[in-house]
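Novice: Sequence:
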Amino acid sequence: SEKTHTLDLIFIIDSSRSVRPHEFETMRKFMIDILNTLDIGPDATRVGVVQYSSQVHSEFSLKTHSKLEAMVKGINQIIPLAQGTMTGLAIKYAMNVAFSAEEGDRPKVPNVAVIVTDGRPQDRVAEVAAEAREKGIEIYAVGVARADMTSLRAMASPPFEDHVFLVESFDLIHQFGLQFQDKLCAIDLLIDYCSFGNHSCDHECVSVLNGYHCRCNEGYRLLEDGKTCQHMDLCNTVEHGCEHQCVSTPGSYYCICPEGQLLQEDGKSCGTCKSANIDLVLLIDGSKSVRPQNFELVKKFVNQVVDSLDVSAHGTRVGLVQYSSRVRTEFPLNMYHTADEIKAAVMKVEYMEKGTMTGLALKHMLENSFSEAEGARPLGRNIPRIGLVFTDGRSQDDITEWAKKAKEAGITMYAVGVGKAVEDELREIASEPVEKHFYYTTDFTAISTIAENLKLNVCPEESQGEIEVKDPCACESLVEFQQATMSTLEQFTQKHILFRSLHLNPGSHS
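Read left to right, the sequence shown gives residues 1 to 510 (full-length UniProt numbering).
Check before you lean on any hint, since a few could be wrong.
Computed list of lysine-lysine pairs in DSSO-like fashion (alpha-carbon distance at most 27 Å, straight line) [claimed, not checked]: (1) K92 to K29; (2) K299 to K343; (3) K135 to K227; (4) K288 to K343; (5) K300 to K348; (6) K63 to K73; (7) K63 to K29; (8) K420 to K404.
Just so you know, these hints were derived from the structure itself, not from any lab. Remember, it's a predicted structure, so these values are computed and weren't measured experimentally.
Based on the sequences and whatever the hints tell you, model everything.
Specialist: In structure tokens form, the structure reads like this:
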């Protein structure tokens, strides 16, 4: 055939593991045979080669080589990828990248893709191939040996008798190459019919061989007349799954919820944030001053807090650490997924009865308890991390460094002190605003006023100390947690003080 026509030609070559090495050699030969019949050059036909298996790899683009020799060398250097068969992905790559101006595609020069494959695709090809053809790419599908006719027809341009070829074996691909050259040479020079200006398309005109057709922007459909575009109300045409209400936008839609409810993570269902999630680690003081009977009360306090949370693997996770002279993880965040399991585990915790190393406990919490290995969810998911320290006395080590580091790491810290706890230490542990994050249980009135303040200040606008709360549910979960802690504390301190006055000798230490 004569070397006249100018094309932008991309070979899309399947190098999946089912293509045997000698078969891949015949594919190289097939490409080189075709190149030999073309008029190659920057102002004549340009050629690019893309190979694909589970991923797509561009060997050279339309603008890489201007000479036949360089292309042949490039083809001979291809190393097969030898994985799966993601044909749809390869067509998408050709459409969006290989046939782009940046990669050397020219306007008004026909775009031709030749796909050579030996198997059935592992992904969907029909939609993406249709999109590529819409964009004016002419697709030839060449199946070899084990290829599947249905997939080939799904990829190729019509008429199929000119664009779909099934070659029984790789050895016959050479003869096929000769026929194929005639097909390529028969491509007429593409006339840009759209440029005549008489197309009357509403949105976009696409020139094809011997004519043009109209295309609509996303979210619109082409009417029977082939020119007019009508806005699609997607809420009426798709299974949107919105629990409350669907709102159409051009090319898309979104769900909304009734006032006072929030859209959940799935983007469809509504909720009042009950399912708000937190990662909560409780640090409880097991020093000897607490006394065994009070330690039981502390465990009950922990369980009352747990009762107020929505505990599940995807909801709130709870971890427990006991500390005295040393630190012991009683259970990490990913150990239990129901409130009942957690409460049972809390009741089994054994009292350490030694010193009070609060600083060491904070270090352990930051370095271990809030690690992904122990079940804390990745920071990118914006799930609030909350640490609650429960202590009844002065720490025997320095807490300053680790309290600061914990807050800098984005952990919201609560400090609860009973009896001989030191207010300065509690304040140092607590997050900003301190008044809302530390409780000292000998003065009820303060507690009830804090509870009032809490209800007012539901969600700070900007940020909460070190933590920016981006998700209103995350914020709400903090508030729920605060309110639950408050009421639990009020009940607890009343019992605790009553308990101490009844059962402890005057003058004894807390």
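Novice: With reference to the structure, classify each hint as holding or not holding.
Specialist: Results for each hint:
1. K92 to K29: This hinted pair holds, its Cα atoms lying about 25 Å apart.
2. K299 to K343: Distance ~9 Å between K299 and K343 Cα, so the pair holds.
3. K135 to K227: Status holds; Cα separation ~16 Å.
4. K288 to K343: Judged against 27 Å, a Cα distance of about 23 Å means the pair holds.
5. K300 to K348: 12 Å, holds
6. K63 to K73: Between K63 and K73 the Cα gap is close to 15 Å, so the pair holds against 27 Å.
7. K63 to K29: 22 Å, holds
8. K420 to K404: Distance of about 23 Å is within 27 Å: holds.
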